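**Q** In the order they appear, the protein sequences are chains A and B. Note that the first sequence ends on residue 120 in the working numbering; no numbers are left out. Note that the second sequence ends on residue 1259 in the working numbering; no numbers are left out.
Heads up, a few of these hints could be off.
Far from chain A, some chain B residues (derived; all Cβ distances over 12 Å) [unchecked claim]:
#, residue
1, K1020
2, R1061
3, E1144
4, K1169
5, S1187
6, K1191
7, P1192
8, S1225
9, E1239
10, M1242
11, I1245
No more than 25 Å apart at the CA atoms, straight line, and that leaves these computed lysine-lysine pairs for DSS-like [unchecked claim]:
#, chain 1, residue 1, chain 2, residue 2
12, B, K1211, B, K1169
13, B, K1241, B, K1191
14, B, K1169, B, K1191
15, A, K17, B, K1020
16, B, K1080, B, K1118
17, B, K1255, A, K17
18, A, K72, A, K62
19, B, K1184, B, K1241
20, A, K17, B, K1211
Just so you know, these hints were derived from the structure itself, not from any lab. Computed from a prediction, not measured in an experiment: that's the story for all the values here. Ideal Cβ placement from N, Cα and C applies to all residues, glycine included.
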Amino acid sequence: MPRDNSTKRPRRIVQQKLTEILNTSKRDDSQPFKKKPEEEVIESGARSILTFHEEDLTPIDKMLRSFDLNYKYGPCVGVKRLDRWERAYRLGMNPPIDVKVAIINSNDQLINESIFHGRL
Amino acid sequence: MFEARLTQGGLLKKLLESVKELVTDANFDCSETGIALQAMDNSHVALVSLLLRSEGFEPYRCDRGFSLGVNLNSLNKILKCAANEDIITLRADDNSADSLSLSFESPSNERVSEYELKLMDIDQEHLSIPDTDYDATIVMPSAEFQRICRDLTVVSESVTIDVAKDTIKFTAEGELGSGNIKLKSTSSIDKPEEAVTIELGQDVSLQFSLKYLTNFTKGTPLSESVMLCLSENMPLLVEYKMVDIGYIRYYLAPKIGDE
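All chains should be built: construct the whole structure from the sequences, respecting the hints.
**A** Below, the structure is given as C-alpha cells:
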C-alpha cells in the first residue's frame, strides 16, 4: 500500500530539488586526479591544426576544415560532411556537435562538401 | 604526493557510515587545507558536504590539489577492516594515479594492515551554496533529533518543522493519524551538550521528507549535538561538527505546495 498521503490532500505537496534552489556549476576548481587523454585538443572543434594561409577563413570554415582533416573520423574524400559526421557519431566517437550545427544551419550548398571538393 | 594520518581512525569509519547511504560515488577533493567532499544524491534532493581540515591529521601532506574518485561502498567495506582504535593513513601518489592506499596500524603497533582501493573518474556537478543568514538556527542534542525523526516516521513520510520564539514543533500527519513533538529551548549550563537553543530572525514553517532526515541522522555518532538551520526558499541545513577536525553538512530541499 503506498504511504504517500501527500497526493490525497486537496493541495498537492511536491518535493523540491536542490538544483531548483541553488546554482549548479561544473566542478573546475581542482584538477581531476587522472589527466584526460591528450586527444581533447583535437576534439574541441574550433581549434585548427593548420595555421598557414587561413587568414581569410571564418572560424566556422576553420572548424569544418579541421574536422575534415581529422583522420580519426576516417577519410573525407567522396563523403558528404554530414554523412561523415553521422558515421563517426554512430561509432561512438563524439564528433564535435558544432560541426553538425554549422552544416545544418548554413544555406550554402557547398558547406556539406569536404575541403577537397572540386580540387581533386 | 598525498598523505594523511588520522590518529582517531574510528572517526573515518563513522564518517563513511554517515555518507554512504546517501551517495554511492564521490570525489574527495584534497588540497593543502584539507579534504573536502560534496555530493548530491541521485534524485538531486539532498546534498552532503564534508570537510576534514589538515590540522586534524598528523601529519598531513598534499603537494597539489586533486580529486580522488571513490566508490563509497567499497571504501566503507575496506574501512570495516580497521578497528576503531586504529591509526589510519591515506596515501596517494599523484603520478601513478589509479589507486588510494590505506594502512591501519593498531595502537600498539603490533599489526599493520595495508589495502589498496581502485579509484574512478567521477564527473560531478558542484552546487554553490550561498552563505545565508538563516531565519532560524537550532542546536539540540543529536540523539534527540534522531529520536524525533525515527518516531515521526511511524506516522508519516514528511514532517513539518515550525520554529517560533522559544519552541520548535515537529508535526507529522499521515493515514493512520497524526503526531507532533514540541521542544522548548533550554539552557543547561552544566551540560551544554544537552541544551536546546533557538536563534530566531523570523518564524519559519517548512516541510521535509522524513526519509532523508532519518538518513541524515546517520551522522549522530559523530557529534553530541546537531545544528538545524532553516529559511524560506532555502534548503534545510543539518550540521554535525566533529571536534578539532571539521564537519559534515547535509542539505535538504523542502517540500512545497504545488498550486
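**Q** When the structure is checked against the list of hints, which entries are broken? Sort them ascending.
**A** none
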